[in-house]
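**Q** So you can see what is in the structure, the chains are spelled out below.
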Amino acid sequence: MTEPQISLEDVWLRYRVPEERINSLKAYLIRRARGEGVTLREGWALRGVSLAVQQGEVLGILGRNGAGKTTLLKLVSRVLLPTRGRVRVRGLVAPLLGLGAGFHDDLTGRENIFLASAILGFPRKHVAARLERIVAFAELAPFIDRPLRTYSTGMRARLGFAVATDVRPDILILDEILAVGDESFQKKCRQRIAEFRQQGTTVLLVSHQVAMVQALCSRAILLEQGELLADGPPGEVIPRYHQLLAQLAQPGTPQG
Amino acid sequence: MNQELYDSQAASRSLWASLAEVVRFRDLLAMLVKLSLTVRYKRSLLGVGWTLLNPLLHMAVLSVAFSTLFASHVPRYPVYVFTGLIVMDFFSQTTSFAVNQLAWGSPLLSRVWLPAAVFPISAVGSGVVNFLITLLPLAAIMAAFGSPVSWHVVLFPLSLVALAMFSLGVGLILAALAIHFHDVVNMWGVILRAWYFLTPVMYPEEIFPKNARWLLEVNPLHHILLCFREPVLAGKFPSMEHLVASFAWGFGALAFGWWYFSRRRFEFALLG
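Protein chains in written order, with the numbering used here: chain B, 1 to 256; chain U, 257 to 528.
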């Protein structure tokens with residue numbers, strides 16, 4: 001057995017948010033001056049999650065809102081550190097959360113390709129060599145020297161997808177974003193993801209569309225209130241998810 | 257297979273590791289600096305002219321108002337004011353801009369791993385470029401008012417380095433605070449205004465009240481400004497006292513700012 005591509009060992013993640021929303025420094029200083037502290041609400045976004053994902057697996061992550069799905073993705077993308085436990089990730093992670101973040105309206109499409117690539121940490125000279133391919137994939141050749149402010153939402157999304165997936169990542173993170181552009185572009189996106197999978201890219205997919213998890217994933221996990229409830233083939237985990245939703249929907253059931 | 261391994265336990269939070277991360281993202285840093293300069297110029301009719309014109313106009317107004325008043329203390333008043341203005345402008349613009357830059361970048365920080373410090377650093381970087389541009393009108397004013405030029409003017413990078421370090425340190429603290437508190441920029445504006453009037457920018461140091469002189473001693477910008485002014489105006493090496501104070505403040509602010517900012521780093525991602 002090889003080293004897993006992603007491994008989480010007993011991962012806990014605590015968050016602390018102020019009980020009342022204090023978002024001005026003035027209000028904060030006044031409270032402190034009066035001797036009133038700020039009470040923090042603590043909670044655990046993840047509680048003791050252990051998970052090992054092998055290279056090439058396509059993992060579907062199921063769970064209700066606030067179950068810890070996004071937190072899990074953030075830990076893998078290394079933007080969050082676990083409070084307890086250990087996260088190990090091997091290889092290049094391509095985050096596709098929120099396409100188009102990191103673009104600048106005043107720059108042209110071409111300049112934005114360089115900017116978004118720099119944000120993803122790709123060296124500039126490599127990007128220059130790949131520029132044409134990125135533009136062609138995004139189908140934006142006639143518009144590439146126009147400022148981004150003239151682009152439609154669909155065009156931005158296409159550009160974002162083209163930049164982020166131009167280099168085959170070892171791990172691809174998909175957070176409900178397969179709805180990019182029109183029907184034909186969506187098909188292209190799915191094709192590209194399928195190619196990555198054939199070449200051994202590991203995929204993490206968060207989706208509320210159970211059908212998508214069923215169709216694409218080789219494995220699924222179910223999170224509820226930060227705990228890993230189930231882990232196995234989608235055929236087993238999806239019924240478990242439905243069961244959970246049904247339980248929670250019943251009137252009189254105490255909710256967390 | 258050449259695959260980079262990330263281990264959360266080994267994720268070093270040491271100073272060297274975080275500096276190395278910034279160096280790795282130097283392409284992004286360069287782009288952010290370029291972006292802030294070009295956007296600033298693209299949006300305005302005069303373009304790069306603004307950088308030159310703004311302190312010049314400011315200087316002209318102050319010179320008309322105060323030249324005669326301070327003539328006995330300050331021989332070439334326009335040069336005196338201009339040196340003060342470009343140092344104070346650097347500080348106020350880069351610190352405020354650090355907040356804006358991080359605000360622009362914060363949605364990214366919850367999605368992509370990248371060193372958050374590149375945003376405040378880029379603000380100071382664009383300030384340095386602007387500062388260098390304004391040295392041209394400074395030279396013009398010096399020529400126009402017959403200011404003697406000594407070789408000591410080449411020492412200006414000394415004060416610029418201290419100024420950049422101090423501004424970055426303050427900018428890091430403000431940017432980290434502004435993630436939680438939206439009114440930081442407004443409050444900072446008030447503080448900057450007071451700071452401007454408490455620093456001998458437009459008036460000679462001698463008229464500062466005797467019993468409040470300690471305010472000058474503890475004012476980092478006063479020391480940094482003198483390190484810039486002494487070589488340019490008096491044609492001498494900056495006094496050791498001001499040089500030491502400037503760099504002590506520069507290092508101190510940067511070290512504290514970096515520490516505070518790094519400690520808050522993961523909160524940016526939680527809030528995003």
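It cannot be assumed that every hint is accurate.
From the derived model, a few chain B residues whose C-beta atoms are all more than 10 Å from chain U [what the hints assert, rightly or not]:
1. L40
2. D106
3. T165
Label pairs and their computed distance ranges (CB to CB) [what the hints assert, rightly or not]:
4. B:V17 - U:S328: 46 to 54 Å
5. U:V410 - B:A129: 39 to 47 Å
6. B:V17 - U:A400: 56 to 64 Å
7. U:W272 - B:D105: 52 to 60 Å
If you are wondering where the hints come from, they were derived from the structure by calculation, not from laboratory data.
Note that beta-carbon positions come from the ideal geometry of N, C-alpha and C, so glycine has one too.
**Q** Take the hints in turn and mark each one as holding or not.
**A** How the hints compare with the structure:
no.: 1; hint: L40; verdict: holds, 12 Å
no.: 2; hint: D106; verdict: violated, 5 Å
no.: 3; hint: T165; verdict: holds, 14 Å
no.: 4; hint: B:V17 - U:S328: 46 to 54 Å; verdict: violated, 60 Å
no.: 5; hint: U:V410 - B:A129: 39 to 47 Å; verdict: holds, 41 Å
no.: 6; hint: B:V17 - U:A400: 56 to 64 Å; verdict: holds, 58 Å
no.: 7; hint: U:W272 - B:D105: 52 to 60 Å; verdict: violated, 36 Å
In summary, the numbered hints that this structure violates are 2, 4, 7.
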